[in-house]
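**Student:** Sequence:
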Amino acid sequence: MTGLVIRGSRNIFTLRDDGGGETECRIKGKVLKGVEGYYNPLAPGDRVEFEPDPEHPGTGLILSLLERRNAFTRFNQKGQSSQLLAANVDVVFCVTTPASPPFRPRFLDRALLQGDIANIPPVVVCNKYDLSDNDPDVEERLEDFIRIGYRVLRVSAHTGEGLDEFRDLAANRFSVLVGQSGVGKSSIINALAPGMGLKTGALTEKYDRGSHTTTMARLVEIETPAGPARITDTPGVRRLVPDGIGPGDLVFYMREFAPLAGRCSYGLSCTHVTEPGCKIMEAVAAGVIHEDRYESFLRIREELFLKESASEYGKNP
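Residue numbers for the sequence shown follow our numbering, beginning at 83 and rising by one.
No lab work stands behind these hints: they were computed from the structure.
A few of these clues could be false.
The calculated lysine-lysine pairs, modelled on DSS-like cross-linking and capped at a C-alpha distance of 30 Å, are [unchecked claim]:
1. Lys160 with Lys389
2. Lys110 with Lys160
3. Lys112 with Lys160
4. Lys112 with Lys389
5. Lys115 with Lys160
6. Lys115 with Lys389
7. Lys389 with Lys361
Across the chosen pairs, the derived CB separations fall in these ranges [unchecked claim]:
8. Pro358 with His240: 50 to 56 Å
9. Gly277 with Ala392: 41 to 47 Å
10. Asp100 with Asp212: 37 to 43 Å
11. Arg229 with Thr306: 26 to 32 Å
12. Gly111 with Glu222: 52 to 58 Å
13. Ser182 with Gly277: 25 to 31 Å
Note that the structure is a prediction, hence the values are computed from the model and not measured.
By construction, the Cβ of each residue, glycine as well, lies at the ideal position given by its N, Cα and C atoms.
Take the sequences, apply the hints, and build the full model.
**Tutor:** Here it is as structure tokens:
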């Protein structure tokens, strides 16, 4: 039998079979072939083969992973390995807010980057847009994301603004919601399907950030006029360390940086910090690359250097 992973933790996973039934399963044996090197073996969106567990009626045993065409991951610093958030994804919804919690565009830089690394189209979703008050700083960054080629949705789970556009984009696709705690990922799903009743939480006053009301990634299916939308809701991510590239690769994955790669006076050896004739620094000075995006580039690259060093010496960065 084949099944779709809906949710799971600690090697216990809930599968949905082709008939719509759900079965709690565990991995047969100690290791599932084909998932070596990952912090967690499976994620919502994975398809697997399974069989009934003769020792525990009503449950199953996962036998093998079917081909995984892509995965949205992050680097797990605790395990020093790739952590799967969702598999077989058609679109990544990178969720933020203009306020409550505060707008954090550098988190978006990382989430969008990870989508591009995985070759999964990323989309910016600015939720709680009814709270924006047309903040010029927020609008400037949203418009810059559009300028460099990202789609931006301005939505409100509270008022319904922009939800039709979100629904149309999610229909007939597997998608994943990624964002920090409190940005309203579960609220978007509840607004699309009021009967879903996913748990949502209030912000903590001290830090103006959300608490983790979603404790594990889970895939939900929502019926839309255009077809089913299969959406993986993930726990809030406070820090997203990019996964799957080294520090020297970063310039090729940031969209407005990539056309300038190798064109500096020092070619691909340029660090883009102090060298004369650096095309990227010239683009920043000319306003072609946003200063915040350049700062994100420098910080992410430093993290990737630390991660690379830790891998070489077997230490946590």
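**Student:** Now tell me if each hint is right for this structure.
**Tutor:** Going down the list of hints, with the structure as the test:
1. Lys160 with Lys389: 12 Å, holds
2. Lys110 with Lys160: 25 Å, holds
3. Lys112 with Lys160: 21 Å, holds
4. Lys112 with Lys389: Holds: Lys112 and Lys389 sit about 28 Å apart, inside 30 Å.
5. Lys115 with Lys160: At roughly 23 Å apart (the allowed maximum being 30 Å), Lys160 and Lys115 satisfy the hint.
6. Lys115 with Lys389: 26 Å, holds
7. Lys389 with Lys361: 27 Å, holds
8. Pro358 with His240: 50 to 56 Å: 51 Å, holds
9. Gly277 with Ala392: 41 to 47 Å: 46 Å, holds
10. Asp100 with Asp212: 37 to 43 Å: 41 Å, holds
11. Arg229 with Thr306: 26 to 32 Å: Hint holds: Cβ distance 30 Å, inside 26 to 32 Å.
12. Gly111 with Glu222: 52 to 58 Å: 53 Å, holds
13. Ser182 with Gly277: 25 to 31 Å: 26 Å, holds
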